[in-house]
Every structure is written in C-alpha cells, then in structure tokens.
Amino acid sequence: MSVLTVQVGQCGNQLGAALFTTLAREAQAGNADLLTTTQWTFFRERGARSNSTGATHHARAVLVDMEPKVVQACVAHPRASLSGSPNGPGSLGGGPAWWRYDSACGLCGEGGSGNNWAMGYARHGPAACEAACDGPIRRELEAMDHVGGVLLLQSMAGGTGAGLGARLAEEIRDRHPSVFLLSQSVWPHVGGDVTVQAYNTTLTLGHLVEACDGVIVTGNERLHRACVRLFDVKRPTLQDMNAVAARDMAGLLLPARHARSDGRGARLRLLGDVVEHVCCHPGLPLLSLVSHPMMPPSTAEFEQYRWTATMRGLHAAVKSAAAAEAGDASPFDPAPASQLRALASLAVLRGDGAGEVSAEAVGEMMPHSTANPRPVCAAWHPSRFCGYGMSATLLSNCSMVAGTARRMVDRAYMMMDSRAYLHQYEGCGVGKQDLEEVLLRVEEVATRYDMLAVR
1 MSVLTVQVGQ CGNQLGAALF TTLAREAQAG NADLLTTTQW TFFRERGARS NSTGATHHAR
61 AVLVDMEPKV VQACVAHPRA SLSGSPNGPG SLGGGPAWWR YDSACGLCGE GGSGNNWAMG
121 YARHGPAACE AACDGPIRRE LEAMDHVGGV LLLQSMAGGT GAGLGARLAE EIRDRHPSVF
181 LLSQSVWPHV GGDVTVQAYN TTLTLGHLVE ACDGVIVTGN ERLHRACVRL FDVKRPTLQD
241 MNAVAARDMA GLLLPARHAR SDGRGARLRL LGDVVEHVCC HPGLPLLSLV SHPMMPPSTA
301 EFEQYRWTAT MRGLHAAVKS AAAAEAGDAS PFDPAPASQL RALASLAVLR GDGAGEVSAE
361 AVGEMMPHST ANPRPVCAAW HPSRFCGYGM SATLLSNCSM VAGTARRMVD RAYMMMDSRA
421 YLHQYEGCGV GKQDLEEVLL RVEEVATRYD MLAVR
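Here the working numbering is used: the sequence shown runs in plain steps of one and ends on residue 455.
Calculated from the structure, these hints are not laboratory results. Using N, Cα and C, we set each Cβ at its ideal position, and we do this for glycine too. Do not take every clue at face value.
[To be verified] Just the calculated beta-carbon pair ranges, DEER-fashion:
hint, residue 1, residue 2, range
1, A309, L440, 41 to 51 Å
2, E364, E110, 47 to 57 Å
3, D193, R406, 40 to 50 Å
4, A266, R406, 30 to 40 Å
5, H146, P373, 24 to 34 Å
6, P373, S103, 43 to 53 Å
7, V228, D174, 33 to 43 Å
8, G191, R139, 39 to 49 Å
My request is simple: use the sequences and hints to build the entire structure.
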C-alpha cells in the first residue's frame, strides 16, 4: 500500500520535509525489509518525465501553498538530514540524499491568505482545490499500484494551511470517498501570535472532523516542552519542533507487523489498519500521538534499554502530553491523565524483543471503552528507531484533545459575541451563522468523549 502526503501551507510543507527526511533516514538505518517497504510506501523512483537531478526517488507528496517561497525551498534540493539545534531532535546524521520532491507536484499562488481562514477556504479554496485534485493529486494516486490512503499535513491557526487545508480535505473526500484520509494538524500555542486563532482553529477542526477519518492533533505546547525538557534545547526553533512532530509520525508510519484476530502476524497496512482500529467510531475522530524515548543522540548511545522501563516511560509521556494539553504548570501532574478515557489505542514498538510486549501492557496507559471489544492493538518491528535500542509510539483515540478544543470554542464564542474581526470573514463569504454551526459541531464531538464509558 502506498500513501500520498498532501502538505498545505508553510507549516504543513515544513513538517512534511521533516517527516520525509526522518522516514528516509530511518529506512536507510534499518534492515532491508524496512528500506524496501518504506521506499515503496512513501517514495517512488524518478520517472523519465522528471527534470530533477541527484536523487533517485521522489516523495509521494503534493505541496500546496498560496505563497511560492516555502514550496520552492522544499523542491530546490535533495534531502539528507534535518536542520535545527546541535544535539536536538533533528541532529541525527543522514546518508547521501537519495530523495527529493518532484517539482511537478508543487502548487502555489502569489497572494497568501493573511491568517484569514475564510480567505483560504472560500476565496482561494475552490480554484486551488480544483487545480490540486485535477493535477498532481490525481496523477500521484493513479501512479500507485495500491492506494493506502492520503495523509494531510497542516496547521490549524493560520489561513492557508487551516482554511485551504480544510477545503482540500473536503474535496479529497468528495472525489475519493473510499480512500482513507488522515490529517496531522498542528494546534497553536495558547498565547499564539495569531489574533484570530480561536476562529481559525475551531473552523478547521469543525470541518476536518466531518471530512477525515481521523485528526491527529499535535500541540505546539507539547512540542516546545519536548525540545526544552527532553532534548535540552533552550530556545527551540520551528525546525526543532517539526523534528519532534516528525519523529512521532515516523514512529507510527514506518513498517511494522501486528497480530491479527486469528493470532497470526501480518504487516500493518497503511493507512487502512490504523484507521480501522483507532477510528472505529465516526463521531469520535480526535487522535493523540506520543512516543518514548526522546533524548539527545549523545545520551541515547549510553542508555540501558528494557521494555518494562520503555513502557513506563511511554506512560509518563502520556501524562506529560495530557498535562500540556490541559495547560498545567507541571507536565507530570497526574490529574489530567487520570481523567483520560479512550475508545481505542495502537502502539507501535521498535527494537529487539518488540514483538514480545503484550497488548495488555499498552492498555494500562489509560482507561479504555467498554463498548470496544478490542480496544488495544500492538504492532512491532525489530529495527531500532532514531538510534534508540527500544522505542514506543502510541496513537490513541481519546479525550486528551477534547478539553483543549472546548476551551478554544469558548474563546471563539467570546470573540464572536463582541463581533471581533467578523468582518474579515464575512468579506470572504464566511458569516456568523457558519461559525456558530462549526462551534456547535466541535462542542458535540467534545461531549461525546465526555460520555465514553470506560473499564
């Protein structure tokens, strides 16, 4: 199964570059099976029509932005390693650059969206979505032997990644209703510098929960904390934070095997097995992604690895992520984690002995729904990940994001009641009634998570 990644806006394109760099680096460092499967799933050999030089493979990706700068930077050079702080999350070295983006898969405008969600969705959206879906997206999907799904990378607080990204998700769903569609969406800082981020974020989330099978919400607060507290990067850059988010996603997406219902091992199919297990209820699409360990490369080589310690560390990472989402001062305060409730979880374990870890150990991370007969799934691969002898990545359909979403809805209501900045949205065709409908939709999703009955 091959996966098409659609990168939208500055954040989505920079995150995509970090993700593909991580996938390529880990594929080269692993065994032959890992390399071959990763290349087939996320890359394709350069075709005769390509005018690129130097790299042997192209990423299966479409790059979309309403300004040309970021897209041009992404397609300009082959990729070998991530940039960022020394000894930070992106500082692992890489081999020769064997992949790059196909310049024919870049689509950009000249005007930008000015952090106005309505401009990205309603003004730029129709023409840009038609050009993307009729052009590079269709070509890439038709070139695949087996379409495993579409992964959308975007921000939630801006104009292009948020507004155009939401419109593009709806267009992909309308044109390809049987294709699995996941979004990794970056949630803004609580005190972000976008004045209208409460509007933009709730509008994005409200549209994505309707169009996508699942929405992986990646919080900037957690990424920043990971850089500062785990990688000892005092002033994290965007490259550092993207490297952390890319590690999380690569830990999920790299090849792995899982136990089928008949007890036999089978390859984890992307994105089908992920969606079918974790997104098993259409009204509960919010996903959280955490991983362990996270430490500088200089520390990782001296670490003593045991699966019991790795799973305890993953449990601590869940607590830390819950605290970051709750806005707590202490990332290890157990109160937010004690209130978590999950519909389903998928753990991907990598390293020696990964296949021996039981699903029951994964289920101890948080209470799971009584309505789901098989709430926990464990997948594994023997290759190391990011230089760690043992590592674990947990994707959970849980209530971690629900409270954060509800607080963002409350801020949007406060702004809307005073009609703050509404004229900017109305001028692009998105009125107060449209906003009210979306806010209600997000509130309903958050309420469903509150009603989950857990074991």
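Results of checking the hints against the structure:
no.	hint	result
1	A309 x L440: 41 to 51 Å	holds, 45 Å
2	E364 x E110: 47 to 57 Å	holds, 52 Å
3	D193 x R406: 40 to 50 Å	violated, 23 Å
4	A266 x R406: 30 to 40 Å	holds, 38 Å
5	H146 x P373: 24 to 34 Å	holds, 28 Å
6	P373 x S103: 43 to 53 Å	holds, 48 Å
7	V228 x D174: 33 to 43 Å	holds, 42 Å
8	G191 x R139: 39 to 49 Å	holds, 42 Å
Violation of the numbered hints given earlier is confined to hint 3; every other hint is satisfied by the structure.
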